[in-house]
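Engineer: Please build the complete structure, drawing on both the sequences and the hints.
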Amino acid sequence: MSDATNGVAPETAERFAIGISFGNSNSSISHTSPEGKAEVIANEEGDRHIPSVLSYVDAEEYHGTQAKAQLVRNASNTVGYFRDFLGKDFKSIDPTPCHASAHPQLHDSTVAFKIRDTASEELSTVTVSEITTRHLRRLRKSASDFLGKDVNAAVVTVPTNFTDAQRAALTEAAKAAGLDILQFIHEPVAAVLAYDARPESVVKDKLVVVADLGGTRSDVAVVASRGGMYTILATVHDYELGGAQLDQVLIDHFAKEFIKKHKTDPRENARSLAKLKLESELTKKALSLGSNATLSVESLANGVDFSSTVNRTRYELLSGKVFSSFTKLIEESVKKAELDILDIDEVILCGGTSHTPKIARLVQSLFPETTKVLAPSTSPSAINPSDLAARGAAIQASLIEEFEKDDIEQSTHPMVTVTPHLQKAIGVQLISATDEAHAVFKPLLNAETALPARRTAQYAVPKAGGDVLVRVCEGLREIKVTKPEPKEKPAEEANDDEDDSDFDSEEDEEEEIREIVWKTSKPIAEFAIKGVKADGKVEVMVAVSEHLAVQITAREVGGKGGVRGMVEAPKAAENGSA
Amino acid sequence: VLTEAWSAEKDFKVVGSLSSATQRNVEPVGPHFLAHARRKRHQRTFSEDDRI
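Chains as they are written, first to last, in my numbering: chain A, 1 to 578; chain B, 1 to 52.
A few of these clues could be false.
Below 27 angstroms or equal to it, Euclidean Cα-Cα: the simulated BS3-like pairs (lysine-lysine) are [as the list claims (entries may be wrong)]:
#	chain 1	residue 1	chain 2	residue 2
1	B	Lys40	A	Lys424
2	A	Lys204	B	Lys40
3	B	Lys40	A	Lys206
4	A	Lys204	A	Lys335
5	A	Lys560	B	Lys13
6	B	Lys13	A	Lys537
7	B	Lys13	A	Lys522
8	B	Lys13	A	Lys519
9	B	Lys40	A	Lys405
10	B	Lys13	A	Lys442
11	A	Lys335	A	Lys358
Just a sample of chain A residues kept apart from chain B, beta carbon distances all over 12 angstroms, derived [as the list claims (entries may be wrong)]:
#	residue
12	Thr65
13	Leu147
14	Ala176
15	His237
16	Ala274
17	Gly290
18	Ser307
19	Val322
20	Glu369
21	Lys372
22	Ser379
23	Lys530
The set of hints was computed from the structure by calculation and includes no laboratory data. Backbone N, C-alpha and C define an ideal beta-carbon position, used for all residues, glycine too.
Structural biologist: Written as structure tokens, this is what we have:
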């Protein structure tokens with residue numbers, strides 16, 4: 001490319017990029033304000049979460065909320081839930097979510113929809129990539145209108161298991177809509193970035209679980225955040241779990257009530273079901289905000305209007321099973337990463353379903369109190385879960401907007417992204433001769449830190465000061481389980497009442513205490529700092545190279561000189577580890 | 001508080017080396033990654049990068 005244009009960048013027009021979160025159910029567009037704050041843009045209807053739905057009436061195209069409303073009267077010319085069909089084989093798709101709208105069909109090995117999108121009576125076959133193009137064109141227009149500039153580039157979020165074929169298909173579809181996709185970023189990482197980019201947040205090492213609870217699918221990822229760099233340790237997906245299941249709970253609830261009164265099942269008629277579905281979703285959203293919500297549908301079935309109320313407690317009771325599927329999925333992800341729930345520092349709930357207060361509370365009770373659960377009902381500083389992916393994309397877009405296309409490609413190349421990570425934590429032990437046994441290990445570089453890396457920390461020396469021996473070693477995290485002390489049973493007084501006492505003793509059984517303890521596994525280096533003042537501090541810096549060579553420097557805080565040394569890389573590291 | 005027996009040249013003694021690393025994929029996202037990519041592509045070290 002650069003040959004033909006003689007060194008001039010091929011895109012002569014100025015690039016103006018936004019962030020796009022493109023979902024099966026909803027999409028969002030966002031940009032970074034001149035002050036550097038990521039903001040989600042509302043479309044002309046005032047929606048920030050724009051349903052990924054297109055509908056055609058008399059050759060006119062409807063988009064977003066308006067198109068979604070057409071699911072009742074014009075279902076066969078309405079297309080939704082198509083993101084996951086893009087770049088896929090017809091055989092491999094699951095068409096279930098499209099049951100109530102235009103059905104996907106096989107077309108030249110790809111997926112297409114037969115809809116009437118022109119004034120003629122004839123149905124046209126529109127491929128899923130063409131639908132995506134039209135959807136993105138509308139999003140692009142909304143963003144351009146809002147920002148007053150021609151938006152021509154974007155960073156788009158995708159699920160972690162989006163294949164190369166899907167990425168390629170999305171790139172093509174976006175190009176046709178006039179959008180140059182600068183980079184695909186993974187949805188969970190976008191969510192972490194959205195939080196980390198806030199001015200008040202501090203970069204620190206943490207393990208984050210990102211639970212993306214969507215409309216028709218849910219994805220959970222365990223992310224190691226080390227020095228602001230993110231590594232995904234494990235992911236789990238459930239394609240049947242999402243907000244739609246919660247809608248179904250309400251649909252069934254209200255349908256039963258309707259049957260009791262009017263002896264007809266509104267679920268048996270497609271149009272009645274579509275009405276009930278739209279309204280149930282609204283009721284569900286209302287229940288995330290208030291403790292009571294109403295549902296009213298005009299002419300639900302047989303021309304009968306229906307209106308009813310439901311309170312949150314009732315809804316939570318009915319949804320118990322679905323809720324526990326969400327927490328199970330989260331537990332599964334932690335297990336898959338070979339971690340313990342005690343290891344998790346933060347849980348980020350994102351996706352529309354994360355607004356549900358009960359889910360956040362259940363997640364909080366799954367993890368120890370020290371784990372921060374970032375959701376509107378558990379943390380006052382939480383960001384709107386529906387905005388997270390789009391915000392992360394906008395931040396990334398603002399970071400790379402100025403880059404040359406080649407630069408972006410080279411930086412995201414596996415040559416750069418595949419990086420050695422520390423297998424074990426590296427920490428420091430301060431030892432005083434008198435009680436070596438009690439030397440505490442303090443991790444400095446955590447396991448799963450991408451290399452090269454360096455960390456510095458200050459440690460208080462033993463009270464008396466003097467000469468201090470510092471040992472740098474590898475450490476292993478272990479979970480220490482303390483069984484509750486067997487309670488001395490009060491001399492069986494209630495002998496005659498056996499049933500009762502049995503029950504009691506099981507109920508009262510104290511939970512075993514589980515905690516994280518560090519075990520040193522392998523010393524790396526020892527050094528001495530002499531003549532430290534009483535109550536002084538020692539500053540230790542450890543830098544690890546990509547080849548696992550370790551450089552250590554240490555000095556007394558405020559003191560002169562200090563010690564420095566180098567530990568050679570292990571011999572087998574060059575080719576043994578990949 | 002140092003044991004009498006302990007001594008080393010320049011007070012520094014190497015006693016081992018790190019366990020092998022695991023190869024993983026870093027997510028190419030965020031300012032810290034971009035800094036990492038820049039260092040890697042220009043083969044700079046942290047301190048060289050700080051100076052620029």
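Engineer: Under the constraints set out in the numbered hints, which ones does this structure not fulfil?
Structural biologist: Violated: hint 23 alone.
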